[in-house]
Amino acid sequence: MPVNSMTAKEVAKKVVNKESFFILDVRNEDAFQDWKVEGENVQYLNIPYFDLLDGVEEILPQLPQDKEVLVVCAKEGSSIMVADMLSEEGMTVSYLQGGMKAWSEHLDPVKVGDLKDGGELYQFVRIGKGCLSYMVVSNGEAALIDATRMTEVYMDFAQEIGAKITHVFDTHLHADHISGGRKIAETTNATYWLPPKDAQEVTFDYQPLEEGQDVTIGNTTINIQPLYSPGHTIGSTSFIVDDTYLLSGDILFIDSIGRPDLAGLAEDWVGDLRDTLYTRYKELSDDLIVLPAHFMIMEELNEDGSVSEKLGTLFEKNHGLNIEDETTFREMVTGNLPPQPNAYQEIRETNMGKINPDEEKQREMEIGPNRCAVR
Amino acid sequence: MESNHVLDAKGLACPMPIVKTKKTMKDLEPGEVLEIQATDKGSTADLQAWAKSTGHEYLGTETEGDTLRHFLRKAGAIEAEGVVIPEISLDEFKEKVDKNENLTVLDVREIEEYEEGHIEGAIHIPLGEVEQRAGELDKEDVIYVICHSGRRSELAAQTIAKKGFKQLFNVVPGMRDWTGKTI
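Protein chains in written order, with my numbering: chain A, 23 to 397; chain B, -3 to 179.
Only chain B is shown next, with the shape it has when bound in the complex (with noise of 0.2 Å):
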């Protein structure tokens, strides 16, 4: 998995690899993925819960030998600076899927997630590379924008929106829920 920042905390016990965490992550922008090495087993259990607690989102946990290598990303929202994503519910979102009317789908999930499944044509540029990537895109298209859960989208959105892009919707919640085909 990608990451923005890397966080060495192996061979520190409990309560040091979050203290650590919490530290760092204040340094990082909204939408930012920290990476956490860890050794301390205990670390998995109480970096989900911290991240359910504190509102970042836990994005897994990939084992190297000894190592755990915990990936989070940063809470926050751009709300404040104005840009109001329209949002489109899953299910109107999939009744568009199903008629085939020709859509354009962007995925932000991370490339685990999306090879797992997803909507046929969706196009994928993972959130943290949507800023320099935007340019991929056309300004002109209408764009529903899909994650996981939706707040990834929104961020993603969000970010575009900045650039440009008029005609963006956010679909809310994501695959999460996604009941149509994948692939």
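Here chain A stands alone, though its shape is the one from the complex (with noise of 0.2 Å):
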């Protein structure tokens, strides 16, 4: 039996249509239970490589013959042994191609909208780290918010449309993912815009991104208007794009809200946290289709695999939204903080620009799930 290859791509195409599937994960039980390829239909037999050196006949029994069953591990060597192995045995299998790490690193652009002016607003979505990021696209010129570090992703999705990368943005100073903002803002000649607050310590030049001071993306009026919305960082910023879009960085997301304990201040940055979601937010339409900086769960995907909500809803629904009670929303976010992201200290300072760890290292940092959010 030929053992198959699939790649990041098709794997995620199969969470978003939620496929029945089957992953032998073949990493070990912490790197497992740390984080995995998730999907609503997913079974997961976790058993490590190296329990399977003398043969896999005793797991037999405990794979489906009549799913599709994925090998999975860090890099894909080991899956590639383990899938050879049941091939002997008579599987058909496939194993994922550059393993975690591959999928760590996929994005996929999905189109969230149309803008007024004939303009598009792309929302790339790495699934398995549940980053996202945007590009605003009007009249040839292109405006990028919260680029991951894959670069080239946008910049060639960028000129596959046509696009000229004009404008880049970082919501704020990111903990959890490397930002690609300012590798992308130098190759490309495009502006690097940061909140000044949360860019007290960086190493590079920039151009300080305030409240009340709109960009025009292509000759047209798509209006970037940043809003101050401080409680994840202290400089954490919003963005309207177009009157229609609320894109939220880590303050609001779908199913939870942001965490004010990632540059180590919960106590002190809480009240602005209230202050942006209970009171900022709330001037705001209705009617905004809110756009985060990231997702938990796979049940935030839309069908299409994008993931957006309007603001309305969001009032109703958002748990986070609606703790009317002031010193339970403090208990809430001050006390039952999830753990923190891997590394996030020395990817704050990659962010800063004080420490250039090389592709591997940066790999290494970013491993694991996403955190920014309490529920």
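What the hints contain is simulated information worked out from the structure, not anything from laboratory work.
Examples of chain B residues toward chain A, derived with CB under 8 Å:
{"hint": "1", "residue": "Cys10"}
{"hint": "2", "residue": "Ile14"}
{"hint": "3", "residue": "Gly38"}
{"hint": "4", "residue": "Ala45"}
Positions of the beta carbon are idealized from the N, C-alpha and C atoms, including for glycine.
Fit chain to chain and form the complex, with the hints in mind.
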């Protein structure tokens, strides 16, 4: 029986389409517990590859005969070995090309809307890590928001649709993933914008992003209106694009809200977070479509694989926006925080330009699930 | 850290470092230490987990530039040879130490572990050297053998029992749970 290889893109498609399949994850148990390929209709078996060196006969009864079996490991080497062994036992199986590393780096652009003047808004879904970034396109110009370190994906995409990247934004100094913003701006000669309050320690030049300072993309009027919205970080800034979309950064997610502690100041920032969510956002139109910088669970994905929801709906349904008592809110966002993202201090320092780890090291720093939210 | 064998797995990607470790381990005697030199960063977590599932003891990892030097002690018992070492519980042992009884304590952990903290007056001979250096000890003494968890000390006691030591006690568990004074 041949062993098939499946790309991260193909697996992502299956997850978005809620297909039913079976994953044999051969990483060690800690790695599997920490994060895995998530999917609503995915069944799992985790047996480390080193327990299978003497043969796979023992696990054969645990594998389904009527479902596609995908073998997954960290980088692919072990999954190929195990897939080969299963194949020798007569099974048809696939392995994930590039392993969890490729899964973590896979980005899919999804169009989330047309803009009034004929422009378009794209969301780049990094399904393995739950990161979302955006490209606003109008009249041959493009702006990028919260780009990941897979910079070529954005630059290739812009070229494909015939747009020149002129502005690059980060809504805040990220702690969970390495920003590609600066590199893209340098390569394309675009302007790189950062909220100055998050950029006090950066080692490079940037354009300070301040409220009331509209940026126009294209020669028509796609406005990107920055809205100062502290809480996740002190500088966190949201954007209203084309009077229709609210890019909420790490402040407001679909099913959760931002955590205030990743720069180490939960107690100080919880008040800002409350104010942003319960006052500043409350004053905005309920019809705005919220486009966050992250998602945490697959249930947050729409049918087309994008992540978005009306602000009005979130004010009704998002638990984090419905805690009337301020003390209760305070306790929730400071008392019950999930573990911090892997290497988050080093990631912040990388995003400040203080350290310059090589690509392999950057990959390793970003390993693991997204942990920017509190529910 | 000292080792009996060295396996060069530098430049090899997962799963090869573990595949080779497993093969090499077969040729080691129980209690011997294998050093695995690897450059695959995932090898640390995987070797730890593999050791846990196979019963070998993961002793630690030293980093030298890009090279990771992992140390594993081969599991396995010499009990089959019929030497049964009486055990003494850590609590009972601690009482004796606290009463200032004049005890002979043999600590068979690695030098790094020993230097981190040991019982005052303990004689230090790492497990790997116990066989050659048994002569430094007095066969007539009552010797309390201790390590981290009680496993290496059992192996060490069995080794010297074969050389004619009669009054040996294995302290179980070992320094892992020791709450008394250390120096």
